[in-house]
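J.: Here are the chains, one letter per residue:
Number of protein chains: 2
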Amino acid sequence: MNQLRAQANGRPASSGIPEATVARLPVYLRALTALGESGLRTVSSEQLATAAGVNSAKLRKDLSYLGSYGTRGVGYDVEYLRYQIAREIGVNQDWAVVIVGIGNLGQALSNYGGFRSRGFRIVALVDGDASRVGEMHGDLAIAHIDELDRLVVERGCSIGVIATPGDAAQAVADRLVAAGVTSILNFAPAVLTVPEGVDVRKVDLSIELQILAYHEQRKRTPGADREGLPSEQVVES
Amino acid sequence: MNQLRAQANGRPASSGIPEATVARLPVYLRALTALGESGLRTVSSEQLATAAGVNSAKLRKDLSYLGSYGTRGVGYDVEYLRYQIAREIGVNQDWAVVIVGIGNLGQALSNYGGFRSRGFRIVALVDGDASRVGEMHGDLAIAHIDELDRLVVERGCSIGVIATPGDAAQAVADRLVAAGVTSILNFAPAVLTVPEGVDVRKVDLSIELQILAYHEQRKRTPGADREGLPSEQVVES
DNA sequence: TCGATTTTGTTCTCACGTTCACAAGCTCTT
DNA sequence: AAGAGCTTGTGAACGTGAGAACAAAATCGA
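Protein sequence lines correspond, in order, to chains U and H. Each residue of the first sequence is one higher than the one before, counting from -3 in the numbering used here. Each residue of the second sequence is one higher than the one before, counting from -3 in the numbering used here.
One should not assume that every hint holds.
Given that identical chains are not distinguished, each listed pair holds provided it fits within a single copy or across any two copies.
[Stated by the list, open to error] Derived pair list, reagent style SDA-like, types lysine to any residue, alpha-carbon separation capped at 20 Å:
id: 1; residue 1: LYS54; residue 2: ARG112
id: 2; residue 1: LYS215; residue 2: GLY86
id: 3; residue 1: LYS57; residue 2: PRO14
id: 4; residue 1: LYS54; residue 2: ASP73
id: 5; residue 1: LYS57; residue 2: ALA164
Hints are computed from structural coordinates only; laboratory data are not their basis. Owing to the predicted nature of the structure, the values given are computational and were not obtained by experimental measurement.
Kindly generate the complete structure, drawing on both the sequences and the hints.
T.: Right under this line is the structure:
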């Protein structure tokens, strides 16, 4: 964001990986896992880039921020690179996650298999509706939000997911922060204010659709642009 | 330097709105709606920027791409600006949406109220599992994926949502495109290949968590960075 | 009417991200 | 062992986006 002192250069590893690169590392990780499972031992930047849906130059530059893990003339060792990226992201450790708001979305999230397989363990489900307390989802029972503080501490949650209606989101965020959560993934349609040191990422389903609608509308009105169809393949995040 | 005739200026309305701006317009729209419902008639860029969680200079620049809808010394008329943004995004019209893959996430999406209220009407639910065909969700019955083509055409879907497992996603995308869908919102963990003219946006829940984990890990290892906590408030997409 | 005040719209500069292009470095063949 | 052929890692050019700062326009009060 404000990154004063832009780190002359050459500083490869653990200091300043650009945010845009960080956002792509999980994509590379997934592609590597798939390639590895298909039996591939070595992969070139070209192949991996195709699998990840990016440009190969961008891929190489991204990887160069982590260090020099490739071999010129050969490529990257799939398993070794996979491990290095996983370590860099922190997916090798276990992260305890609490989900607040067990509506449709919260339930979907709590059942989503893609989390556990990547080091995220959902350890608590919390809702504000007292009548739902005790309801089982998988092997977890819904707890009341008043228990949030205790649960976060006891189970060592550092990541919280907010899947409540928009008007409850800020209050929930405040409680999460007070309990010690320092990273929040927010699905509620609300702008959250949090103290320094707390990271918030926002996923807004209806905003995604609205962005698509904008481009869709653009395709329909032929006169607006002098060009026909620019055809943008936008991949987000 | 590279000053060569950089398109003097005047890039007014409907031609080239930067992608970053397009992604923020829905946020402004939501903030304006909320402010309007609270009875406010006029709003300054400062107020609106705060409500939307952005910098006021950025807000004014974003709005200037749409035209000059404000009044100097006064601010913006809430209702008028709301209408203009909605028109620009295309939220005034009705968009027919088909959801493919009615698992936990697909169900959550089909029940999500935030869509209907913004001009998105879910008109078909499709799944590959024949045993679930006919199951009702709200006032829609699940149809088999073989009916996809017919449904898309009959109900005029231009937007498709993919909420299937990753390995089915590409096949579903192909079918959607073949049926005439030109915008796809992809929740499946897979990189989609689509023809020119089709827009794809991707939302990947586990990637979002992994990005948080990266920053979380960074907070934990005190030696890595010479700075303490840069504290990035990252709001995405 | 004129000046003070407010707030927009825009210009300018800087930082960030993407892509190109190529030297450096590795393997394999002859 | 030397050259041919690949593929990585990176320097440099380019394009996009963000924020500061300010001129232009509107209101208000005297």
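J.: At 20 Å max between alpha carbons, let me know whether LYS54 reaches ARG112 within a copy, between copies, both or neither.
T.: neither (29 Å within a copy, 39 Å between copies)
J.: Up to 20 Å between alpha-carbons, please classify LYS57 paired with ALA164: within, between, both or neither.
T.: For LYS57 and ALA164, neither the intra-copy (41 Å) nor the inter-copy (31 Å) Cα distance is at most 20 Å.
J.: First find the shortest C-alpha distance between LYS215 and GLY86 inside one copy, then the shortest across copies, and answer within, between, both or neither for a cut-off of 20 Å.
T.: between (41 Å within a copy, 11 Å between copies)
J.: Which holds for LYS57 with PRO14 at a C-alpha limit of 20 Å: within a copy, between copies, both or neither?
T.: within (11 Å within a copy, 25 Å between copies)
J.: At most 20 Å between alpha carbons: which applies to LYS54 and ASP73, within, between, both or neither?
T.: Close inside one copy (18 Å), not across copies (44 Å); limit 20 Å.
Violated hints for the displayed structure, listed by number in ascending order: 1, 5.
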